Amino acid sequence: MRNIWTIASREYKHYFISPIAYVVAFMFLATVGIIFALTILNANQSALYYPSAPDASSVTGPMAFLLLLASPALTMRLLADEQRMGTMELLLTAPLRDWELVLGKWLGAFLFIASLAGASLIFPLILNFLIDPGIDKGILFAGYLGVLLVAASMLGLGVGISAMFSNQVAAFFVSLVIFVVMWWLIGVPASLLPNGGEVFRYLDMASHFYETMIRGVITLADIVYYLSLTALGLFTGTIAVEIRRWR
Amino acid sequence: MIRVEGLTKDYGSRRAINALTFEAQQGEVLGFLGPNGAGKTTTMRILTGYMPATSGTATVAGYDVMDESLEVRRRVGYLPETVPLYTDMTVFDYLKFMANLRHLPDPDDRVDETLELVGLLDRAEGYIGKLSKGMRQRVGLAQALLHRPEVLILDEPTIGLDPGQVVEVRNLIRDVGRERTVLLSTHILSEAQQICDRVLIINKGEIVAEDTPGNLQLGLEGAARLLLRIKGDTAPLLEKLGKLDGIQSAKPGAALGEIELQLATKEEMRPEIARAVVSGGFDLLELRQVGMSLEDIFLQLTRDNSANGKSKE
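Protein chains in written order, with my numbering: chain X, 76 to 322; chain U, 392 to 704.
A couple of the hints might just be wrong.
[Unchecked claim] Mimicking EDC-like on lysine to aspartate or glutamate, the simulated pairs with C-alpha atoms at most 16 Å apart in a straight line are:
| no. | chain 1 | residue 1 | chain 2 | residue 2 |
| --- | --- | --- | --- | --- |
| 1 | X | Lys88 | U | Asp479 |
| 2 | X | Lys88 | U | Asp484 |
| 3 | U | Lys631 | U | Glu658 |
| 4 | U | Lys622 | U | Glu601 |
| 5 | U | Lys642 | U | Asp624 |
| 6 | U | Lys631 | U | Asp674 |
These are computed hints drawn from the structure, not numbers from a lab.
Remember, predicted model here, so these are calculated numbers, not experimental data.
With the rest of the complex left out, here is chain X (with noise of 0.2 Å):
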């Protein structure tokens, strides 16, 4: 536990003097924040024929998708640079566990999503102000559950991906390519098959999400998709870590 938190640690400080989670988090806030205020603007104009208050999932919505370049962006180098700057030998001769490693390297980039996620909090109150009964706080919760939970899973599978190249660019891309595909084009396949089709629609990532969790709706199968992504990635992640010892 203690080898993961100081893995974790250095990996959470490491992204305030990171350049590029600087510009992620300035694309993730700033993205968010526009996204909400148009949809409040909007709001306004149209309230006379769509008499219906914004709620929590005018952030929390475009908050999951931005994941999808977020998650790549954070993950690329955890164990890609490790590798190439040679520090890997550092850690696998130090007295940690491989699967610590990357659980460690997970966590890091996880809670640094997750104080993000904290830091938009901001919207959903301002929004609390403005509309006279508040807001309505399942569809809040469920939201931002949702939200870490795609973010766990797609980290997750980031790391894994991250620890199979020493190059950070190929990661990034590789993760990238595979998100676009769960999110989006495995819904096609899903929609053309007449039966058959259950099994894509079960992987469709965007679904488990978009359908129930942004709406207020918990339901322990969304959790544990999620969840079986995030442990898939991070065992993928371990065997990949091992694998390079043999060579």
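Dock chain U against chain X, hints included.
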């Protein structure tokens, strides 16, 4: 402290080390000598738990490097050849990170003590990326010494240092080696001669010689060689000495008045030769035994022809 038996490592079809067997005791500085690509780094990487061996066993401080890797890693300090460091961290932060990974109590104090030991206390707050090669080497050494390991494994610890730093680091290693076991690799022979209690010469993944630097010099020569210097012409003396029992050959040396003698035995013949020279009416200026330098031994052992290369001590 270190016990290696039949250690073999294959990279694909290439055999990096072949059935290495050796030991290192506590308080011993064991030198690992060999040309580039001889398998020094591979052996060290196996001993530090970085990579598994293909076959054979190795124990460090009583623990098996494969089955009890974590126990081994707790007791070993390792300085890899490339001295990998986080260039975007300060010296202090980096060492504290490593101290935390090793669960050291009072990491701050321990880091300060170690920095003092390697003479880097004034650079503690500097970024590693801004340090010179020699300074980085010392940071790497500090990292290896941080937990006061029972076994210290150093892969070419003095490479890239300036002469002054080389002396400092060598002294440091010798100090550390008094109570601990040190395994260091080098291809600088004079370094091995200076700091190692015992030397292991390795070539193409096999041990070709293993002894103290002194014994290596004596043992490989077989019979002794002498250098004799007199005043005046050497020709009449050459003739006289050639007839003496126990002298295989006598030929003129490189400089004027010098004679090189190759003896047929290992026995001490200097008194006898001295008497022969003086009784012949020659003025004896010098008579000494010439040893092979470690350089000669090294070249002889690692030369490609396998007839010499396989001769074991």
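Results for each hint:
1. X:Lys88 - U:Asp479: With a Cα-Cα distance of about 11 Å, the restraint between lysine 88 (chain X) and aspartate 479 (chain U) holds, given a limit of 16 Å.
2. X:Lys88 - U:Asp484: holds, 11 Å
3. U:Lys631 - U:Glu658: violated, 20 Å
4. U:Lys622 - U:Glu601: violated, 41 Å
5. U:Lys642 - U:Asp624: Distance ~13 Å between lysine 642 (chain U) and aspartate 624 (chain U) Cα, so the pair holds.
6. U:Lys631 - U:Asp674: OK: lysine 631 (chain U) and aspartate 674 (chain U) at ~15 Å, within 16 Å.
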